[in-house]
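A.B. asks: Protein chains in written order, with this note's numbering: chain X, 1 to 159; chain A, 1 to 159; chain U, 1 to 159.
Accuracy of the hints is not assured; some may be wrong.
The list treats identical chains as interchangeable, and a pair is accepted whether it falls inside one copy or across any two copies.
Derived pair list, reagent style DSS-like, types lysine-lysine, alpha-carbon separation capped at 27 Å [as the list claims (entries may be wrong)]:
1. K131 with K116
2. K58 with K96
3. K97 with K116
4. K58 with K80
5. K130 with K97
6. K152 with K116
7. K116 with K53
8. K152 with K96
9. K5 with K116
10. K96 with K6
11. K53 with K97
12. K6 with K53
13. K5 with K96
14. K80 with K67
15. K80 with K130
16. K67 with K131
17. K58 with K92
18. K89 with K58
19. K89 with K152
20. K67 with K89
21. K58 with K5
22. K152 with K53
23. K116 with K50
24. K80 with K97
Note that these hints are calculated values from the structure, not bench results.
All of these numbers come straight from a predicted model, not from anything done at the bench.
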Amino acid sequence: MPDKKKTTIVLFSGDYDKAMAAYIIANGAAAYDHEVTIFHTFWGLNALRKEEKISAQKSFMEKMFGKMMPRGADRMGLSKMNFAGFGPKMIKGIIKKHNAISLPQLIEMAREQDVKLVACTMTMDLLGLKKEELLDGIEYAGVAAYLADAEKGHVNLFI
Amino acid sequence: MPDKKKTTIVLFSGDYDKAMAAYIIANGAAAYDHEVTIFHTFWGLNALRKEEKISAQKSFMEKMFGKMMPRGADRMGLSKMNFAGFGPKMIKGIIKKHNAISLPQLIEMAREQDVKLVACTMTMDLLGLKKEELLDGIEYAGVAAYLADAEKGHVNLFI
Amino acid sequence: MPDKKKTTIVLFSGDYDKAMAAYIIANGAAAYDHEVTIFHTFWGLNALRKEEKISAQKSFMEKMFGKMMPRGADRMGLSKMNFAGFGPKMIKGIIKKHNAISLPQLIEMAREQDVKLVACTMTMDLLGLKKEELLDGIEYAGVAAYLADAEKGHVNLFI
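Work out the full structure, taking the sequences as your base and the hints as a guide.
C.D. replies: As C-alpha cells, then:
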C-alpha cells in the first residue's frame, strides 16, 4: 500500500484572507486524502485564539501584545483593502451571499477532517500566548516537528 | 524517458513586485524545461485582468470590488515602498533603464513558454470577477486541480 | 549512503519577523542535517546589507532606493504592528527577555552551520545594491541556480 501524500502549511500570516487560502488548501488536500498539517506561527497563531477573553498570568508586554492581536479567526483583518476593518465585513457579507464558507467554518471543517493543527511553542512564548487562550484539542510543537513533517511532504507551503 | 519536472506557484498576492518574482521563477522554470502552473487566487487574479474596462452583469458589491482592484498587471502596487503609487513608477523606470523585463512582458513570455495560467474560480466568484474581464486563453479551475498538479510538483510555492 | 535532504528558502520579504521565520526554519533544517540555501531576492536582500554606510558608485535612483531601504537585519520593520518602528523594538525587547535569538544572531548561526546564503544578482541590479554593501562571504546567483537547488529540494518555501 503506498504511503499517503502529505501536505504541510506554515501559517505565518494573521490576515483573514491568507488564513482562508491556507485552510481552503488544507481542506482540499484532506478531501484529496492527504495527511495535512498546519503549523501556526507568529501572527498565524491568532487564528487559533478563543474568542472569549481568557485571563492568564502575563507580563505587561505580553498583556499589551495580547490586547493588540485579534482574538480568533473571525476578528482578523485583510492583507489588502482592509479599510480599517471594513474590508473583512465586506468579504464576510460576500461569503454569506455566495453560500461560501467563512474562516471559522473552514477551521471547524479542517478539524473534522483530522487536519493536524499545531501551535508553534516558540512564537507562543515570544508573543505571550498561553495554551488556555488557544482552541482545545490542538497540538503544540516546535520547528523540529514541523521539519520532520515537511521533509516527507509533497506540498509544502509558507503562507 | 524520465518525467518532466514540475513547478507550481499559487499567486495569492496582488503586489507588482511579488507577481514579478512569481513570473520570473515561472519563466526560469519553463526555460529549465519544467512544466509550470501559476494558480491565481484572491488578489493575484488582478494580474490576469484585461486593462480595458469590461462591462459585466454585477451586483453592487461586485462592482465596488471591481473598481477598487487594479485592472491588470501594469496597475498593481508594490508590497513595500508603494508611496501611494509612486513606488511602482520608480520600479518601472528602473526596469526600463536596466533593460529588464516588466510584469506585463513577463506574463507574455510565460504564455509563449506554455506556462499554464489558471484563474481560481472560487475566488473569482468571491471577488465578482467574470471570465470576460480576464485575459483570453487562460484556464479556469479550483483547488482540487491545483492539488493534483502540486502533489506531483518538485517546486511548489505560495507567493 | 542516501543523499542529504535539501531545504531551500526564497526570502523575498524585508520584514524582520518574516526573516526571523526564514532563518529559524533554515537553522532548524541545518541542525536536522539538511543542505540549506536561502536565496535573498527583492527586499530580502536587506537582511544581507552591512550596517555601516558603504560608498559605492550609484545613479540618483539607486542612491534613493539605497537610502530608503534598511541597512541590515537589525533595522528591518515588522510585517504587522510595526507602529512606525516601535514594533521591532518591542519584539527585540521580548527576544532579549526570553533569551531568544535575534535576527542578526540567527544569520550568524546560519553561517556557522554552513547555510548557503545567496544574493539574487538580478534584483541587486534592479535595486542598485552593490556587492561591497552586502555581507562578506555570501554567494551571488540568479534564478537558474535557485531552481537547480529547489528542484532537488524536499522543503521549498517562499517567504
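A.B. asks: Need the list of violated hint numbers for this structure, in ascending order.
C.D. replies: 3, 8, 10, 12, 13, 19, 21, 22
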